[in-house]
Every structure is written in C-alpha cells, then in structure tokens.
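2 protein chains.
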Amino acid sequence: MPRTGESQNLSLALLQTMGVKKKNRPQVLVVGAGFGGLTFCQSFACREADVTVLDRQNHHLFQPLLYQVATAGLSAPDVAQPIRSILRRQKNVTVLLRNVTGFDLARREVLFDGGSHRYDYLVLAPGSVTSYFGHPAWEKHTHGLKTLDDALRTRAQILLAFEQAENSASDDDKKRLMTIVVVGGGPTGVELAGAFAELARHVLRRDFRRIDPAQAHVVLIEASSRLLGQFSKHLSAKAAKQLTKLGVDVRTGVGVEKVGDGFLEMSDGKRIESANIVWAAGVAANPLAKELGVKLDKGGRVPVGPDLSLPGHPEVFVIGDLACVHDEKGHPVPGLAPAAMQMARHVAKIIRDEVRPTAPQKNRAPFKYWDKGMMATIGRSKAVAQTGKFEFSGWLAWMAWLVIHLLYLVGFRNKAAVLFQWTYSYFTYKRGARIITSAPISSKPN
Amino acid sequence: MPRTGESQNLSLALLQTMGVKKKNRPQVLVVGAGFGGLTFCQSFACREADVTVLDRQNHHLFQPLLYQVATAGLSAPDVAQPIRSILRRQKNVTVLLRNVTGFDLARREVLFDGGSHRYDYLVLAPGSVTSYFGHPAWEKHTHGLKTLDDALRTRAQILLAFEQAENSASDDDKKRLMTIVVVGGGPTGVELAGAFAELARHVLRRDFRRIDPAQAHVVLIEASSRLLGQFSKHLSAKAAKQLTKLGVDVRTGVGVEKVGDGFLEMSDGKRIESANIVWAAGVAANPLAKELGVKLDKGGRVPVGPDLSLPGHPEVFVIGDLACVHDEKGHPVPGLAPAAMQMARHVAKIIRDEVRPTAPQKNRAPFKYWDKGMMATIGRSKAVAQTGKFEFSGWLAWMAWLVIHLLYLVGFRNKAAVLFQWTYSYFTYKRGARIITSAPISSKPN
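Chains as they are written, first to last, in my numbering: chain A, 1 to 446; chain B, 1001 to 1446.
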C-alpha cells in the first residue's frame, strides 16, 4: 500500500544507493559495531565516502554494564541499542547483519557467509572473544560474558539454581546449586562476584522458604597474586577487602586446573562443587585475525603501524581489542572502551583527510593513547578508581563510576531506563530483571 | 560464611517449615501463578493454612501486554515479575518451580516430574495454551504468543526478517520477508497487527537504506465475518477501519487452509508468501485437564459446580481459563484476566471460611461473574472499549486502556518502567526493545 510520500522516499533512497555506485565513491567498510566501529562511524562524518558497517548482531552492546544483565539488575534492551537506529541520521552509512568469515586483501574484499563486499578502506573492529587458555572444552561447563545471550543464559542459570535448591531435598545438591564460582579477578570478575553476593544476600534473601540464599557461597578465583592486576596494589587490596565484606570468598594465587560438569579443580588441589561457574578469566583476540594472513602477536592480536594500519596495507586499519598497539612509554594499550574509541577517532580523521578531494594530502599522524584511568565497581557504594597518580575508592569512586557509565551509555532512553533501575534498586534492594527465559526445567527430581 | 543474624533467620525459616508439617496444618496447593493463581494467593490471607504454588515459570506474566514485547515496545522484565518476589511477605506461601504432569485425586496428590505433592485443597489455575485447531504441525511454521519466550522469539524473527530483507538482492525474498501475517482477529490479533504496522511504518522507517520498511505488508486474517467477535458490531467496524488506516490489510471471513514454511493458504484459494506468520487464532484449555479423568466440554475445559469445585471433589477447584462456567444469563464466562481474578477471590473465600476453626461452617456460595467489559488497543490513540451497554473508541478508549493496564500491572517497578517506555515511544516514535537475542544468522546468502 504505497502512499505518495512513501514512494517518493523509497525512490530517493534507491537513487541515493544507485548514485553511490555510479559515482564510484570511496567505499569504507567497518567490521564490528562495538565501541571502535560505532565511534568510527559517528566521528567519520564525511559525505564524500560511503560507509558500510557489518556486524553479527543487530545491536551495539554497552559491554561495561553487561554484568548487570547477568546479575538480574538490568534488562537486555537497557544495555543495547540497534546499530541502525543509532546511525539512522547518517544517510551515507549502511548497516548490514553479516557474519564476516575472511578477507581477500589483494582484491580488497571482505568475505561473509555466501558473498563478499569490496572496500577502498577497511576498518577492522571485531572486538575480542572469551579465552579459555587452551581448554576449549571448558566452555560448555562455564558461562562466558561477551554477548547479551551469554548474560541472559548466566542470569537464567543462577536464578534457576536457586529455584532448584528450593526444590531439592539433598543438602549436597543445595550446596552445589548455591555455590557461584567466578573465575578471573579482573574488573569483570570483581564486578560479577560483588553483584552475585549482593543478589544472594540482599535481593533473594527473603523470597525463599526452604533455603536461605544468604548462605550462598560466592567464590572469586584469580591465578595471579592479587585482584585487579592493572590497578595499584593499594586499590587491589581495597577491592579484596570490600568483596570479603560483601561475603565473597576471594582466592588469589590459585589457578584453575580442571573444569567439569558441576565442579572445578584448582592448582592448590582443592575442588569446588558448583552448578554455576562463570568465566571472566580472560579475553582473546578475535579469531578473525588469523584470516588476515599476517603474523600475530602472542595474544593473537594484529601488530599495526603507528597510524594503526596493517603493514603493507595502508588501506586496512585495525582498531580496538584486536590491535596490538603500544603507548609512548612502550606499554601495551589496554583492551578498554576508551582506547578503542580513541583509535576509531584517529582512523576516522586519517580516512576523512584522504578521501576529501579538497584536503591537501598529509602524512598520517601516529596514534597516541591517552590513558584516562580505570575503574571497577564492587557493590553498593563500593568501587575503586585510578586516573594517573590519583586514586580513590568507596562511595566517591562508586558515584564516579555510576555517572561515567551513565554518560557513556548510548541513547537517551537507555540512560533514563538505567538511571531509573539503579535508583529503584538502591532504595528497594530489589532487582528488576529476575526473569528466567529459555531455561528448561530439569526433568530429574531434585 | 553464616553470620549470627543470618543463621538465626535460617533456623527460624527451617523451624517454620518443620512446624508446618508437625502441626498438620491444611495444605492448599495452587497450580499456576497466572492471574487466577496469583490472585488466589494474594486474597487468601489466611494464616491457618499453608499454601504452595507450583508453576513452570519463575515469573507471573502480565499477558495483556505480552504483544508489546513481541513488537519490540517493552522488555521481557517489564511485563513479568518473579512469583516468589510478589508473594515474599506472605510467609505461609511457598513457591516452587514445578512442571505438573498429573493428579491422583483419590490420594489427593499432584504429580510432577519425579515426585508428588499432597494437598487438602487444590486450586487448579494452569491457564490455556495456543490452539492450532487440530493442526499441531502448524506450530513450527508460526509464532504463538503465550509465554515470554514466544514473544522474544516473535520479536527476534520479525526484526531479523527486516535485517535479511536489507541484505537481500531478490525482490521476491524482500517481499516475503517484509510480509507479516497475523492469524486471528480477536483482541490479541488486532493489537499485534496494529503494533506491527506502526513498527514498520513509523519506528523502522528511516533506519534502513536498501528497503523501505513502510512498504511492509501486514495482513490480519479472521475466519469469522468480523474482527473482535465478542464486541458490538459497531466497534468491530471501528476497529477494522482504524486498522486499515494504519495500513493493515484486514481480511475477514477467510479461514486458514494450510500453513507451511514461509507461506499460508486461505479458504478463498489465495496464498500469501510470508516469513513471519504469527498465530493469535485461538486458545485451548490446558491439556493438563485431561489428567483429571473427568469429562471435559468441547473446548477441553473442566465443567465445575456453582462453587467452582470439581463435581464429586469439593476439595478441588478449577479457576480461570480452564473452568467451564456460565454467568447468570447462561453465557459462558470468557477467558479473561478479570474473570480468573474473580474466580480466585471466590475460591479463596470458600477455603478460608472452611479452614478457619472459629468460622461457622456455611454452605458454599455460588460464583457470580461480574462482566466489567472488554477493550482492545489498535495503535497510537486508537482503541475500542465496551462496558455494559456503553461503548467508546478512539482517544478516550485508548487512554482508558493505558490507565487500566498500568493499574493492573503488578509491581511498582513494572508500572514505572512501562509508563516511561510508553511516554518515550509516544514522543519519539521509537521503541525501546529492538534487540535480537538468540537468533541464528542465516548461513544462506539472501
């Protein structure tokens, strides 16, 4: 049922698309719409080129708040937004749901299931994946935290475990079901462990009749000698203290030897029976890097030139977690959102300068990383933060964490929704997303 | 790490549970925590008996707003709340996640996977299931709308179809992907069709580059001669007119002959190619009714006595959609939330009067249905409503619909969250939950 106005719009859109191809405008292809890819599109702002964004998901995910979806605080749509909706006003940007599988650098093509896209410039920002340190079999016994589906599955598993414990007649089963193990003491692991402890001790506490959720055992395992290894020793100790106060069983200097169905064995010979093992131990470079056919660093990341381009391929840029880059002091640039965003802006400027016919050709500037600092939240009024030599913890760090995460969250609706949920949770000690979806009920008696 | 206060709480809880069994208090078993089951628990308010609620889900679902989850307006947690959280303050109520499979009426037991529960009173409120009118094979080609998972799958499918259309080079594929068929012209079908039309024509409209979502074809099929058969003819016509204005292709008097993978054949010989067939054509009584071993009515519902008890079993009550009950004029009581809630209150009062040792035994009062009317929303500022002989449509009906649904939605958080989403959508023409989760990307080229 086309109406006149709509037909005209369609025709315009078609003409734009066709015009694009006729005029042979530079084609910029962006792989991944995480912090790097999305920031690239937003800061590119150049009408002389067409941008096509390929992503496997229809949404940009605000990773720093994903753990709150896993711990039943936020809904999935609170921390995600459709990529095409964010970029709707940039008419030269096309968003396509594509699963990129490889590259033909010589022909300047990106390959996906069933086809390919040609590019003049390629910006690779596929992010990272969960690393199991050479034990891929552990994946099926643990819950990762990279995608919304991961978070929803983790949430369903933890909530279901408490339901099963309430149903169970066996003390051993109850104990196993009410033990939550978080592997990895980086910011994500610390945030998860704190949030699970609060979930059990405050949120679920009065809702059960046959179990006492406050008796849940939340264990945080870190192989190195301290939590939050990238932070100062002082803040690591603060974080461990705050977590212990929340009831988390913090175990540092203990590696994981084996993970199986419902248990975990550690390097100190101890074994924990747990139905809920959450894996926050590490990230690996996206395996897509292997398809580039270049030598990667130990972590599987792509060594790039000072301008972030692939050596020998000035038209290919790698940004975000996948790029192996060092700052001015020679330290590796961390896989954090601010780093990916800074790289995106750097590359956007280079390409913009090069495709603008009026712009004089300049030598490409080298990328400089500006370390804005780091922060991690531990729980209600508990957080640690450091920026440069300045470090702080407790309520002030927590407020700073809240404000910064709200500011960086994309979209007014999401900001308002998250602010509302946080305010609600703060005053009621409740969480708004304690919903189990897609979880099969065990057919075994518990 | 039990602390003193917590250990005491646990002991108290254990003592309560044990005390319950020792004293041989009357055990009331409720199957299902929909409108009927939940209202029963809330209005029972009787400390002389213990109540155990069994449900297959951990949440009470506010069904009337489920279509807004399917059409990307609301998040799953906005329309659902954990049952045990709603009932947390009623200390004699225990909530268990159980998949009930049958009954032993003689031994007064409810059977579930792997066990049984004994009862003194049984309140059966399992609700209804989607009916495919004797064609169970159609289920796999269509999307139902009874559970949160149904709604999330429908949402993912529709959003994915538009993504695939944007990826597609074939006009036929585009057309098939951008055709949404809603089968069934009752309130749910009308609400879905209106919401899908608005989604395509307003929300998605400017977000794509290669397709024009406003060209999407939304078809509403109803086998009988008019939409909203339970409403007056005048309101049926109004609804059809309002839907047509939204761009919905309304086809009444047309039955479904065949449904297959990506197509639907109708009784008028026409065939529609569509990747998105949503089934809102009817509900059937929960098949659990068959396990009672009594004669059911044509719709599979349980004929009950005037007091809503099972004939021959005064200790077993059937309420909500599963009960075959008639009002004073001999009309069947409709399967609506208000009816289920009225039945729940009626049964709660009967059981309360009987278990209170001080209360004089009375004859059980017959159930009387109070018809408060019906309403259905069609879209922005469009709705129809009738109560008694009074009927209205348009903006007034729409506002009434909004207010009543907000008031009946369980929980302050959900009320506030939904009010926020509605206000946001009203002013921005956006929807907050356009997130595809758990959707596989087709490996075929489109």
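Hints may be right or wrong, so weigh each one.
To be verified - Listed next, with one range per pair, are the computed distances between beta-carbon atoms:
#1 B:G1394 to A:G115: 42 to 50 Å
#2 B:R1047 to A:T428: 19 to 27 Å
#3 A:D149 to B:G1114: 28 to 36 Å
#4 A:S116 to B:D1149: 46 to 54 Å
#5 B:R1047 to A:R380: 29 to 37 Å
#6 A:F427 to B:T1358: 47 to 55 Å
Don't read these hints as lab results, they were simulated from the structure. Keep in mind that this is a model prediction, so the values were computed, not measured. Virtual Cβ for every residue (Gly too), placed ideally from N, Cα, C.
Tell me the hint numbers this structure goes against, listed in increasing order. Hints 4, 6 are the ones this structure does not satisfy, whereas the remaining hints hold.
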